[in-house]
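A.B. asks: Line by line, the protein sequences are chains S and B.
Residues in the first sequence are numbered from 2 upward in steps of one, following the working numbering.
Residues in the second sequence are numbered from 903 upward in steps of one, following the working numbering.
These are calculated hints, taken from the structure and not from any lab test.
Treat each hint with caution, since some may be false.
[Stated by the list, open to error] Not the full set, but computed from the structure, chain S residues with beta-carbon under 7 Å of chain B:
| id | residue |
| --- | --- |
| 1 | L44 |
| 2 | A68 |
| 3 | P97 |
| 4 | N101 |
| 5 | F106 |
| 6 | D108 |
| 7 | G109 |
For glycine and all other residues, C-beta sits at the position ideal for the given N, C-alpha and C.
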Amino acid sequence: DAGVIQSPRHEVTEMGQEVTLRCKPISGHNSLFWYRQTMMRGLELLIYFNNNVPIDDSGMPEDRFSAKMPNASFSTLKIQPSEPRDSAVYFCASSPHGSNQPQHFGDGTRLSIL
Amino acid sequence: QKEVEQNSGPLSVPEGAIASLNCTYSDRGSQSFFWYRQYSGKSPELIMFIYSNGDKEDGRFTAQLNKASQYVSLLIRDSQPSDSATYLCAVKSAGGYQKVTFGIGTKLQVIP
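So that you can see chain B by itself, here it is in the shape it has in the complex:
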């Protein structure tokens, strides 16, 4: 079992729709969760982070965390063609060592 699992996609949604990106993790002690966006040929850039169970909203983005189910998701409302990218889920383990494990990433395509 991979430590951080994501469906590689592509996930296609029409412009204006809600895109839902999902991630599961295996380390129950994980404490910090990040979503990065990576455009083709570019480096990952942080768009959201969440530490506590529940929802966290930032503009069109909402991160959701359910530690009991070991599940974290990212919702993108009013999807735009410019949101087309690969979204990487990253999970930081508990303890002093700051190891972050990345998922394979989900490729999102927003269709105009």
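Isolated chain S (complex conformation):
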């Protein structure tokens, strides 16, 4: 079975540029999560989608961040304009419906903003 697929694996860009991270969840999973991980703050939930609808975006840091899920097999996280403090590893995870179902993580995107 294919796991959660994220792209790109690494992204290095200059401050002010637009960054787009992509995620393909596991087929059949109807919940999708975007996380950001840093040494200082650990794993933080940015946004959660259920059946392609954003349910909780309270973790999105500010208006520079946006996320979409146009269909069940694709989601994007966009940062515009990017800033050096956005440098982190961004993970996408998906899970099946059900309160006791665990999340399965993609390999992450390591983002560096210069």
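Chain B: place on chain S using the hints.
C.D. replies: Leaving out everything else, chain B in the frame of chain S:
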């Protein structure tokens, strides 16, 4: 108070010993508890989950849950150098929304 608390470590144990990793949570209504292992530079991978009070064993791993004390732990028996990683405790809140809150993670070092 953080929602999910873990000691960041590092926790060092000799090879063959029992490693004990601990986690406390603040939401008394939490119902599902997960342990993830994360190797350096890799993504978290699920190793255990527990929903009911008591112990749950899977190979060398035992998860323990005490809802009254809001405490969950992971024991690793016969620790191996390959167990060296960061272990993340994750807690899912009650209700329909599947929000999972992760602890900062405990770094485990198994010394050969």
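A.B. asks: Against the earlier hints, flag every one the structure doesn't satisfy and list their numbers going up.
C.D. replies: Of the numbered hints, 2, 3 do not hold.
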